[in-house]
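Novice: Here is what each chain is made of, one letter per residue.
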Amino acid sequence: MRARVVVTGLGVVSPIGIGVSEFWKAALSGQSGISTITSFDPFSMDGYRSKIAGQVRDFSVERYLDSAHGERVDRYAQFALVAAKEALADSGLQMAKENPNRVGVIVGAGMGGMVMGEREITQLYQHQKPHRVHPNFIPVITLNSASGIIAMAYGAKGPNLTISTACSSSAHALGQALHCIREGRADVVITVGADASITPLVFAGFCSLRALSSKFNDHPEKASRPFDRLRDGFIMGEGAGTLILESAAHAKKRKARVYAEIAGYAATSEAYHMVIPREDGLEVAHTMRLALADADVTSAQVDYINAHATSTTIGDAVEAKAIRHLFKSRADKIAISATKSLIGHTLGAAGAIGGIASVLALSTGQIHPTANYDDPDPACALAGLSRSAQERRVKVALLNAFGFGSNNAAVVLKRATS
Amino acid sequence: MTTDPTISLKIRTALGEYLKRDPATILITQHLRDDLGLDSMAVIELLYRIEEAFDLQIPDQDLVGLASVGHVVSYVEKRLGKTASPAPTKKPAKQSKPKGKKKS
Numbered sequence: 010m011r012a013r014v015v016v017t018g019l020g021v022v023s024p025i026g027i028g029v030s031e032f033w034k035a036a037l038s039g040q041s042g043i044s045t046i047t048s049f050d051p052f053s054m055d056g057y058r059s060k061i062a063g064q065v066r067d068f069s070v071e072r073y074l075d076s077a078h079g080e081r082v083d084r085y086a087q088f089a090l091v092a093a094k095e096a097l098a099d100s101g102l103q104m105a106k107e108n109p110n111r112v113g114v115i116v117g118a119g120m121g122g123m124v125m126g127e128r129e130i131t132q133l134y135q136h137q138k139p140h141r142v143h144p145n146f147i148p149v150i151t152l153n154s155a156s157g158i159i160a161m162a163y164g165a166k167g168p169n170l171t172i173s174t175a176c177s178s179s180a181h182a183l184g185q186a187l188h189c190i191r192e193g194r195a196d197v198v199i200t201v202g203a204d205a206s207i208t209p210l211v212f213a214g215f216c217s218l219r220a221l222s223s224k225f226n227d228h229p230e231k232a233s234r235p236f237d238r239l240r241d242g243f244i245m246g247e248g249a250g251t252l253i254l255e256s257a258a259h260a261k262k263r264k265a266r267v268y269a270e271i272a273g274y275a276a277t278s279e280a281y282h283m284v285i286p287r288e289d290g291l292e293v294a295h296t297m298r299l300a301l302a303d304a305d306v307t308s309a310q311v312d313y314i315n316a317h318a319t320s321t322t323i324g325d326a327v328e329a330k331a332i333r334h335l336f337k338s339r340a341d342k343i344a345i346s347a348t349k350s351l352i353g354h355t356l357g358a359a360g361a362i363g364g365i366a367s368v369l370a371l372s373t374g375q376i377h378p379t380a381n382y383d384d385p386d387p388a389c390a391l392a393g394l395s396r397s398a399q400e401r402r403v404k405v406a407l408l409n410a411f412g413f414g415s416n417n418a419a420v421v422l423k424r425a426t427s
Numbered sequence: 012m013t014t015d016p017t018i019s020l021k022i023r024t025a026l027g028e029y030l031k032r033d034p035a036t037i038l039i040t041q042h043l044r045d046d047l048g049l050d051s052m053a054v055i056e057l058l059y060r061i062e063e064a065f066d067l068q069i070p071d072q073d074l075v076g077l078a079s080v081g082h083v084v085s086y087v088e089k090r091l092g093k094t095a096s097p098a099p100t101k102k103p104a105k106q107s108k109p110k111g112k113k114k115s
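As they're listed, the protein sequences go chains B and H.
Residue numbering for the first sequence follows the working numbering, beginning at 10 and increasing consecutively.
Residue numbering for the second sequence follows the working numbering, beginning at 12 and increasing consecutively.
Bound-form chain H, shown alone (with noise of 0.2 Å):
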């Protein structure tokens, strides 16, 4: 997955305060509830923070499917407009869209 390394370094340093470790031990594949263990209201404070980080209203419908750092990184970069930016001869990537369970 490409993504806007701001953004990106951005999340996982919010995600790095929360936890109370290194961000760069935080990677972009990593499931929030199984890999960081975030429990829903963990991964709630954790949004609450990106909101805050990005200027961003998260609307409660778009929580399903937040599931790992590299969906709330997609997420964000959809919500700012921002693409990944990859050489100017490649077509842009695709952005996939965020999947996982609802677990409350």
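This is chain B alone, in the form it adopts within the complex (with noise of 0.2 Å):
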């Protein structure tokens, strides 16, 4: 019989919250950690067609970390190891007690270290002194940075791996992560998702890619709107999200509080195109379908979906129309949040933080709001969704994640049993 695979701890840097405890409770008061970008200085925000995002204000990583893990690493990381250090200490996880090569990091970045990046690039170019650049700008802005950081932050020696997916990178690091266990290769993985790039150049590239909303710059609150009529585009968000998993065994023997079980997972491409979804949802349906297979449940057993949904037109309705798909006439029975209605789109954390919100939902019955869900579009409607929090007894999720470059992930999560 297949390991299972148990959530034993949780850890968060949201734009709504920094601590899963301030970001749950923001969440459940439908809160929005929307945002207007004062300037990106020296820039003003003037050029920019989006002027609005989800970011974490007020961070200085001395304030979270003892150690000097965090001073040599971009900002993703950052959120990365702060992320890492609550729910390794949420799980009560002792790295002295255990065997350091059965624990690994697998952690989902879509963009990396960006910040450092950017400014190195702009610097070279424009004072072209190559001797200038940072002695440290190559291990920043390599991708695998936050998960070495995190290996180095806690002597955690099994496997070690950076999932990048774009969007879906920390659903696919859960997926991962699940596998790993399963197959016997390491006891804990500490799982992460991060991403930190509200930068001018990447920010500008999704004004270009005409991917975020910029209708609602004078309302930012109002802005990420998923599944609503007047959606459109999503909102950049940053953050990190960190679940330690671990087998089920392995988390009885240390007399662990488990918050849910990480059942399934399943991951496709739709091999169509770099940014656009297959407009009839056929193969997002499918992806959910293998997730649930992997899980052995069936589609009447799920009871929660926390949505990819990221505020953008043809994406939502791709989802419900896939959700329908999937469903049937089961679909208006079971709740459906929207995590980006809160906090933007976090990119690679996105995965991550929407796993949060789903385990929270599974051992609380707590399901946190969609924001801004005023006007049901009726290309995408569905009876689960809620503008108010919902109570509701959680025994199966369903965490979806969909990232450019074609490439569609589900997790399913289950309640914990005693």
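In short, the hints are calculated from the structure, not lab data.
Ideal Cβ placement from N, Cα and C applies to all residues, glycine included.
Take the hints with a grain of salt, since some may be wrong.
Unchecked claim - Here are some chain H residues the structure puts well away from chain B; computed CB gaps all over 10 Å: (1) Pro16; (2) Pro34; (3) Thr40; (4) His42; (5) Pro70; (6) Gly81; (7) Leu91; (8) Lys93.
What the hints assert, rightly or not - Some but not every residue of chain B turned toward chain H, in silico, with C-beta under 8 Å: (9) Ser217; (10) Leu218; (11) Arg219; (12) Lys224; (13) Ser278; (14) His282; (15) Ile285.
Said to hold, decoys possible - Computed footprint of chain B on chain H; a stretch qualifies when at least three of its residues, placed anywhere within it, have a C-beta under 8 Å from a C-beta of chain B: (16) 24-30; (17) 71-79.
Now that you have both chains on their own, put them together as the hints suggest.
Specialist: Below, the structure written as structure tokens:
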């Protein structure tokens, strides 16, 4: 029998709170973390079509970490370190008592170290002094800097991987961590999603892609509105989420508190288009179906979906269509929420933060609201969406995440069994 | 539809370069998606070229309705403050508002 995998610790850095209790309280009250970008010093925002984002305000890594590990990494990896610290403390795992070779780290990150990356590139082109490129530039921008620094901070010598599949990165991180433990290659995997690339160039790039909302610059809190008729694009966010995954046997042995089980996972490619999903939603439905089969549950057992729901016109409609296709008439009986309505799209962190919202739905029976779902778009109306928090006993949850590059992921979570 | 020949040619040239085909074969009446095979991303790339060619910034909300080559030409004319130049005795041709569905 394959090993069951459970979640024993949570940590988060988000635009609506640093720390799970602050995040969850804000999420349940439907608080928006979207705010105006005042400037990209020394840039004004005048040339940007979108001027708002889900920003983690007033973050300084020294406030959260005692060690120096945060000093030489980019903002996204600092977020990852802070979320990992909280999750490890929450799990009660004591590294001194663990076999370090059995503790792995898997991080999902879409963009990586863009803060320093952009700065160094700009300076090189401006001043043409290659000898002044910072010696730490390469280690910082290398996409596995977060998984590396977390391993160093905690002496985790097991499998150390970074998954980069754009916006689905950390849903895949959860899935790969599940496989890693199932296959017996680790007892524990510190599973993280992190991104922090609200930077002049990346933000301009998403504006040029016409992917971001630009209608609500004067009302940032109204801009992220998945499944609503007035949605006009996603809102960039930043943050990190960490879930401590471990084998159920290992958790039991150390008498750990179990939040939920990670029961199934599927990864597919639509092999279709770099940024446009297939409009019939069949590939998304197929991905969800595979994940349910992997978890050995039927579509009739799903009580809650944490939707990918970025607030783009086409993406939300495709996901709704896929949900309806797979769940048929039951689609309206499933509670659904869109975490991005509160914090924007945190890219590589989205799967992990959505995973945390799913774990908390399973363990507390509370489902956070979908903000700004004021006027349901008939193209994607689903009765289980609500502007208010919902209370419901959730036994099986489904987490969706889709990424540029024609990439789909789905993760199935189950309520912890005593 | 009467159009400014310079603007029209510039747009058809940009389209021709993007599609790697002779601009002369691109007609003002052609639909970007149905006739020329552009998906929503390709339309965005095309408009990026047009912004450069005419030193324009096209707001997101103006993308709605830019469905045919003619719509794009009319839009650029309007933005540049140029109307078509018919015979001086005639009343200037009325600019038709671009119509079309927004794909994404």
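Novice: Each hint: holds or not?
Specialist: Hint check results:
Every beta carbon of chain B lies more than 10 Å from that of H:Pro16, the smallest distance being close to 29 Å; the non-interface claim holds. Consistency note on H:Pro34: stated as away from chain B, and its beta-carbon is indeed over 10 Å from all of that chain's, at 24 Å minimum. Chain B leaves H:Thr40 outside its interface by the beta-carbon criterion, the shortest separation being 25 Å against a cut-off of 10 Å. No Cβ of chain B comes within 10 Å of the Cβ of H:His42; the nearest lies about 18 Å off, and the non-interface call holds.
Residue-level check failed: H:Pro70 sits 7 Å from the nearest beta carbon of chain B, not beyond 10 Å. Against chain B, the non-interface label of H:Gly81 holds: every CB pair exceeds 10 Å, the least being about 21 Å. Listed as a non-interface residue, H:Leu91 keeps its Cβ farther than 10 Å from every Cβ of chain B; the least gap is roughly 20 Å. Remark: the non-interface label on H:Lys93 is consistent with the geometry, its nearest Cβ contact in chain B lying 24 Å away (cut-off 10 Å).
Nearest Cβ of chain H to the Cβ of B:Ser217: about 7 Å, under the 8 Å cut. The hint holds. Proximity of B:Leu218 to chain H holds as hinted, the smallest CB-CB distance being about 7 Å (cut-off 8 Å). With its C-beta approaching chain H no nearer than about 5 Å, B:Arg219 sits inside the 8 Å limit, and its interface hint holds. Because the beta carbon of B:Lys224 sits about 7 Å from the nearest beta carbon in chain H, less than 8 Å, this interface hint is met.
With a cut of 8 Å, the hint placing B:Ser278 at the interface with chain H is violated, because the nearest CB-to-CB distance is about 17 Å. Satisfaction of the interface hint for B:His282 is found here, the shortest Cβ-Cβ separation to chain H being roughly 7 Å, below the 8 Å cut-off. With its C-beta approaching chain H no nearer than about 6 Å, B:Ile285 sits inside the 8 Å limit, and its interface hint holds. A count of 0 residues in the region 24-30 of chain H with a Cβ less than 8 Å from any Cβ of chain B is obtained; the coverage claim is therefore unmet, three being the minimum.
Coverage of the region 71-79 of chain H by chain B holds. Counting CB-CB distances below 8 Å, 3 residues qualify, and the rule asks for three or more.
When each numbered hint is compared with the structure, violations occur for hints 5, 13, 16.
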